[in-house]
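Protein chains in written order, with the numbering used here: chain A, 1 to 121; chain B, 1 to 121.
Mixed in with the good hints there might be a few duds.
If chains are identical, the list can't say which one is meant, so a pair holds when it fits in one copy or spans any two.
Claimed, not checked - Cut-off 25 Å, straight-line C-alpha distance, at most; resulting in silico cross-link-like pairs (SDA-like, lysine to any residue):
id, residue 1, residue 2
1, Lys72, Asp106
2, Lys72, Ala96
3, Lys72, Val109
4, Lys72, Glu48
5, Lys72, Glu28
6, Lys72, Asp104
7, Lys72, Arg114
8, Lys72, Ser60
9, Lys72, Ser111
10, Lys72, Thr112
11, Lys72, Gly103
12, Lys72, Gln37
13, Lys72, Ala113
14, Lys72, Ala110
15, Lys72, Arg46
16, Lys72, Ala95
17, Lys72, Thr84
In short, the hints are calculated from the structure, not lab data.
Here the structure is a predicted model, which means the values were calculated and not measured.
The lines below spell out each chain.
Number of protein chains: 2
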Amino acid sequence: MTGRVTDQSASPELVNRNDDARPRARRERLWREVLGQELRRRRLDRRETLEAVALRAAVSLQYLSEVERGAKEPSSEVVAAIATALETTLLDLTAAVAVHLRGDHDGAVASTARGGYSLAA
Amino acid sequence: MTGRVTDQSASPELVNRNDDARPRARRERLWREVLGQELRRRRLDRRETLEAVALRAAVSLQYLSEVERGAKEPSSEVVAAIATALETTLLDLTAAVAVHLRGDHDGAVASTARGGYSLAA
Chain A
1 MTGRVTDQSA SPELVNRNDD ARPRARRERL WREVLGQELR RRRLDRRETL EAVALRAAVS
61 LQYLSEVERG AKEPSSEVVA AIATALETTL LDLTAAVAVH LRGDHDGAVA STARGGYSLA
121 A
Chain B
1 MTGRVTDQSA SPELVNRNDD ARPRARRERL WREVLGQELR RRRLDRRETL EAVALRAAVS
61 LQYLSEVERG AKEPSSEVVA AIATALETTL LDLTAAVAVH LRGDHDGAVA STARGGYSLA
121 A
């Protein structure tokens with residue numbers, strides 16, 4: 001149970017190793033994960049409830065909650081509708097996602113430079 | 001058969017105005033459209049066939065073709081797999097998508113400054 005790391009277990013993040021049917025080790029997070037977090041952040045910045053935003057975006061509260069948690073893959077139309085509901089644009093959202101991924105990347109590089117990921121522990 | 005436009009035919013771009021079940025007029029392109037173009041651009045820059053990239057990404061040639069045309073919504077896992085097949089990252093792709101959307105936006109602003117969209121024609 002411990003100490004055993006299989007070579008398929010690519011992980012978008014360090015904490016989460018039991019991922020992948022995907023073909024290679026990969027530490028980058030998925031689009032829907034980073035996007036969901038960004039959508040949540042923006043909603044909370046506006047001090048709005050899931051209900052209020054879901055209503056304006058014409059999606060269910062439950063669905064919006066799942067999108068925010070990265071548990072559901074929203075279609076591009078839904079992303080556009082939620083962006084509108086949050087008075088933002090896909091441009092702003094993709095730029096923000098790129099910034100977060102860049103932060104992940106830079107953090108990972110720094111971590112490696114300090115002696116590698118927790119896999120080494 | 002002609003001249004009749006149904007109200008479900010949503011439209012991301014200027015040329016196509018009979019949008020919206022979505023709540024407001026919106027000129028921004030959809031994520032999958034801009035992403036698909038970027039994936040195609042990168043594949044062609046590498047002088048690779050759909051077949052070669054599809055094989056490495058473990059998707060069908062037909063599916064990759066539809067993703068490149070913005071006709072199919074790829075899951076985040078598929079986006080990651082295609083990115084890997086093209087030796088790029090989600091970070092690079094989202095940054096490129098943001099650049100394209102920014103270009104659309106700036107172009108639209110410039111066009112408005114010159115006298116508005118073709119709506120005025």
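Going down the list of hints, with the structure as the test:
1. Proximity of Lys72 to Asp106 under the C-alpha cut-off of 25 Å is found in neither arrangement, the shortest distances being 27 Å within a copy and 32 Å between copies.
2. Proximity of Lys72 and Ala96 under a CA criterion of 25 Å is satisfied in both settings, with 19 Å inside one chain copy and 24 Å between copies.
3. Proximity of Lys72 to Val109 under the C-alpha cut-off of 25 Å is found in neither arrangement, the shortest distances being 29 Å within a copy and 34 Å between copies.
4. Taking identical chains as interchangeable, the C-alpha atoms of Lys72 and Glu48 lie at most 25 Å apart only when both belong to the same chain, with a minimum of 21 Å there against 32 Å between chains.
5. When the C-alpha separation of Lys72 and Glu28 is checked against a cutoff of 25 Å, the pair qualifies both within a copy, at 18 Å, and between copies, at 23 Å.
6. Proximity of Lys72 to Asp104 under the C-alpha cut-off of 25 Å is restricted to the intra-copy arrangement: shortest distance 22 Å within a copy versus 28 Å between copies.
7. Proximity of Lys72 and Arg114 under a CA criterion of 25 Å is satisfied in neither setting, with 35 Å inside one chain copy and 42 Å between copies.
8. In this assembly of identical chains, the alpha carbons of Lys72 and Ser60 lie at most 25 Å apart whether taken from the same copy (12 Å) or from different copies (23 Å).
9. Proximity of Lys72 and Ser111 under a CA criterion of 25 Å is satisfied in neither setting, with 30 Å inside one chain copy and 37 Å between copies.
10. In the homo-oligomer, the alpha carbons of Lys72 and Thr112 never lie at most 25 Å apart, since the shortest distance is 31 Å inside one protomer and 37 Å across protomers.
11. In this assembly of identical chains, the alpha carbons of Lys72 and Gly103 lie at most 25 Å apart only when taken from the same copy (23 Å versus 29 Å across copies).
12. For the homomeric pair Lys72 and Gln37, the shortest alpha-carbon distances inside one copy (12 Å) and between copies (24 Å) are both at most 25 Å.
13. In this homomeric assembly, Lys72 and Ala113 never come within 25 Å of each other (Cα to Cα): the closest approach is 34 Å inside a single copy and 40 Å across copies.
14. For the identical chains of this complex, Lys72 and Ala110 are neighbours neither inside a copy (31 Å) nor across copies (37 Å), given an alpha-carbon limit of 25 Å.
15. In this assembly of identical chains, the alpha carbons of Lys72 and Arg46 lie at most 25 Å apart only when taken from the same copy (23 Å versus 32 Å across copies).
16. In this assembly of identical chains, Lys72 and Ala95 lie within 25 Å of each other by CA distance both inside one copy and across copies; the values are 21 Å within and 23 Å between.
17. Taking identical chains as interchangeable, the C-alpha atoms of Lys72 and Thr84 lie at most 25 Å apart whether they share a chain (19 Å) or sit on different chains (22 Å).
When the structure is compared with the earlier hints, violations turn up for hints 1, 3, 7, 9, 10, 13, 14 and for no others.
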